[in-house]
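So the sequences go chain by chain: A, B and C. Under this note's numbering, the residue at position 240 of the first sequence is numbered 240, and the numbers go up by one with no gaps. Under this note's numbering, the residue at position 128 of the second sequence is numbered 128, and the numbers go up by one with no gaps. Under this note's numbering, the residue at position 199 of the third sequence is numbered 199, and the numbers go up by one with no gaps.
There's no promise every hint is true.
Said to hold, decoys possible - Computed cross-link-like contacts, DSS-like style, restricted to lysine-lysine with a CA-CA straight-line distance of at most 27 Å: (1) C:70 to B:169; (2) C:336 to C:70; (3) A:90 to B:115; (4) C:70 to B:33; (5) B:210 to A:90; (6) C:70 to C:341; (7) A:280 to B:169; (8) A:91 to B:210; (9) C:336 to B:33.
Read the hints as simulated data drawn from the structure, not as lab findings.
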Amino acid sequence: MDLTTILIQLLNSVQYGLLLFLISSGLTLVFGIMGVINLAHGAMYMIGAYLAYAFVEWSGSFSVALLLGIPVMLVVGIIIERFLIDHLYKKDHLFQVLLTFGLILILNDLQSLIWGNDTHGVPIPEVLSGSITLTDTMQYPVYRLTVSAICLVLALGMYWVIQKTRLGMTIRAGASNREMVEALGINVRTLFTIIFAAGVALAGLGGMISAPLSSVYPGMGDSVLIICLVVVVIGGIGSIKGAFWGAMLIGLVSTFGPILIPSLASVMVYLVMAIVLLVKPRGLFA
Amino acid sequence: MYNTPRSITLFLGFLFILLLCYPLYGDLIFGSKSSFYMQKLTTIIIFAILAMSLDLLVGVSGLVSMGHALFFGFAGYVLALISPEYDAANIWIVLPAVLASCAVIGLVVAFLTIKTSGIYFIMVTLAFGQMAFYFFNDSDFAGGSDGMYIMMKPAVMLGDIQLLNLESKQTIFYTSLACMALVYLILRMLLRSPFGQVLVGIHANEHRVKAIGYNTNHYKIVSFVIAATLAGLAGFLAATQYGFVNPSQLGWHTSGYALMMVIMGGAGTIFGPALGAFVFEILHSFFESFTDHWLMLMGTVMIAVVLFLPNGIGGALLEFVRKLEKKPVQAQDGEKSDG
Amino acid sequence: MKHTLNYKLFSRMFRQIAFVGVAATMVSGAALAEDDVKLGLMLPYTGTYAALGEAITNGIELAIEENGGKLGGRSVNLMRLDSEAKPGKAPQNMNRLVNGEGADVIIGPVHSGVAMGMIKIARQEGAITIIPNAGLNAATRQFCAPNIFRTSFSAWQTAYPMGKMAYDRGYRKIATIAWNYSFGKESLEAFEEGFKAAGGEIVKQFLTPFPKVEFQAYLTEIASLKPDAVFAFYAGGGAVKFVKDYDAAGIKNAIPLLGSGFMTDGTLDAQGPAAEGVMTTLHYAASLDNPKNKSFQKAYQDTYGKAADIYAVQGYDAGQMLVQALDAVKGNTSDKDALIKALAAVKIDSPRGPWHFSKAHNPVQNMYLREVKNGHNVVVQVAAEAVDDPATGCVMAQ
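One chain only, chain A, in its complex shape:
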């Protein structure tokens, strides 16, 4: 592997890692603050992607699709939190696992009812459809870089919100001591609804901006869920910072791993996870 290739592969790693971070961040946020594990997170990613497809078909514009899609995802999140998750806060994680597993089945079926079973493409927005030449055989699509930029901006935004704002303070406090936050007169109930909806919207946004790259098809959320779980476990469940570095690590491993050790291509990320857990049973940043 020559230097140019290594550099391009590094770019690939970071790009994939950032996208993984965006999708995982919602999962870890919801767990860290609410103590809820949402297995339907991958299904939310899928719904986001299908919404992007449907809205682009309808309006012809990707920005319109984003503007419409995000509120829809928020509403989906609010509904699920209010009607289902709300009953589970005091219960064992086991019940969260099962309820959200049931949700996956329902959402997958709804997807097939509403949008059918065919694979659909979502066109890349015109302004971003160009590419940058890297080598004589290799170019890099501008859209991919834009996706990375969006993810980076969101990562910084989340960091800012959590570290510097009053909402962030409440979030940090809520994560460590629910009673205290309540004593301060903050409505944890509303806070939880906001957080869950935000988590769902983040997964949905991940799906939306991935849709032009990956197309939309039934069952697309399942493999995303598993890889996100790995990211979150490696980083430390509940830690946004952990999710970021976990995603970067997985980005690196799934880019260089299969090239260097092809025989372990699909097992690699799980091996990394096992090693991390052996050293740090609660993840890198918990």
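With chain A fixed as given, assemble chains B and C onto it according to the hints.
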């Protein structure tokens, strides 16, 4: 504390006898479909074993594993890999080998995961299950994603005498049924033993058990290994029934369904998860028989169980009997927080 | 005829909404007359492969419909069972259709792993089974059986002829890439066999984790290897993503993309301009210029409101072969040996061109070299005529 009320024991006994006599009345009720239903029942019985073994983790020790199918599928693969291609394997060799290998893998997984708890344990076991899935899915030696055949079912011989002919559907049915009863009794005995009491204590309050001086991790590891071995028995039977193994048997969907059977039946009651397996599979077949959108119905049932029947059928039965007898019977508390 | 219509009405309704209570009564109401021909469809109706299951079912229905809704003069009862594309459930589902429902003929599946589970039971029970898609070589090689037929293809058939085509186009060094699962590997092996036999050299083989669709790392490797061309196998969502990524990375201009035909079948709309110029081999192309194909495409469009793809053709041919064979035995399904004989002897006038069964019960059929032009697979030439799978290890072929 975990004594089953007499009326429930009688009820279970009745169901068991009903199953036992199936070959007698199956033809009368189902006619030509009888043999199909017997095989279906066999499959459900095997799932019941899997669900009971998972209950030892989930309901008794409080270890919620989302990767229990790993051992179920792994057992099948071990059987397929060590069986000679054109000859029947000797069950006295392959069965212990399969169970031992599941125990070993169970030990390894337990060792790596036991320090984690609660949500971590769920996710980590899930990830290990997926790792095993990909290991077999990508393997050249085990048929990859197409899976493997076991051409000849294991021979059950004593000297030169054939004890059981596993090629017969009825024999497989009875063998599975016997295994189910055996696993149930083993788990019951285990629960009554001092070892089982420690596990129950760990589930209720691990810190206290630790404070008394028990090494709770050792207990948890042993229970994990036992559960893995029993799941291996279920996997062995499943692979023997149809002579076919495939990576999808190790996947997280299988684990999720097994977990659902446990909850639907009532975690911690041991008999409940077996009932859960029956209800779950029968509902699944029923929904599937009239609509392509059975997924939505199954999902709704799962959510309904979580919301309205958290103690499962077993819990509801215990409750019912308690009311009937007006004497307190401790049902398993489904609302326990982890820790 | 009446029953077939009823069935279609039901299935259409079920596809829309699940009427729980109503449906149960309908099914019992639909427990049709004893003399129906019972066809058990074991296809994926949910999940990633659902579109394929749907297309195959449509094809079968259309063929039977064109025959007046009858097979050998008897009405038809189509029983659908969702295979879920789950191999682990295959034996019990198969068992349900064979022993539970008493199906005369089973049609399925799409997924090769499910096929393994089905074949196991089909061989044990002697159930007549028609495979309308799953391309695992083994089905008509070591696991072939008199009662097992395949109307689709073997992985080998769809990829081997491309080897020579690639060499003829002047490519000498080729890199290959596919999902790391059995069908992907079999496709690559067949292509590599064909390409090496023609005199070419495989510079590298990449197997990517299934079903992940993250290809950027591999594309970077390919770009730095600079082979003359790339041969790939992906299907469905993976095919769309791969072809789009390949194009977006700008490699396509320098390194042409070749593939197994599934990469550009049923996926072209989603792939858009990214697929332009991709060359593939397959036993069909929607643009094939023969009268049968034209009438088939029109009928399919009129009935189902969309263009027929390769999967619909394979289903249609499964229907056609049943029409022929049941006519030959005058609707008598109780004499299995006679029915098997009749099935093996069918000569199908298919939208893909005429074909018949090999001794191993795999189609002997033409393979076409196609190129994507303006969003259509245009036939460039016949890549190989009357291709027969080697059927290595099949006792019936010796």
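Checked hints:
Between residue 70 (chain C) and residue 169 (chain B) the CA atoms are separated by roughly 35 Å; this puts the pair beyond 27 Å, and the hint is violated. The hinted pair formed by residue 336 (chain C) and residue 70 (chain C) meets the criterion: a straight-line CA distance of about 19 Å does not exceed 27 Å. Straight-line distance between C-alpha atoms of residue 90 (chain A) and residue 115 (chain B) comes to about 23 Å, which keeps the hinted pair within the 27 Å bound. A threshold of 27 Å between alpha carbons decides the hint, and for residue 70 (chain C) with residue 33 (chain B) the separation of about 25 Å falls inside it, so the pair holds.
In summary, the hint linking residue 210 (chain B) to residue 90 (chain A) is supported, as the alpha carbons are separated by about 24 Å, within the 27 Å threshold. With a CA separation close to 20 Å, the supplied pair residue 70 (chain C) and residue 341 (chain C) stays within the 27 Å bound. Only pairs whose Cα atoms come within 27 Å are accepted, and residue 280 (chain A) paired with residue 169 (chain B) is rejected, the gap being roughly 49 Å. Restraint check for residue 91 (chain A) and residue 210 (chain B): satisfied, since their Cα atoms lie roughly 24 Å apart, inside the 27 Å limit.
A C-alpha spacing of about 19 Å is found between residue 336 (chain C) and residue 33 (chain B), which places the hinted pair at or below 27 Å, so the restraint holds.
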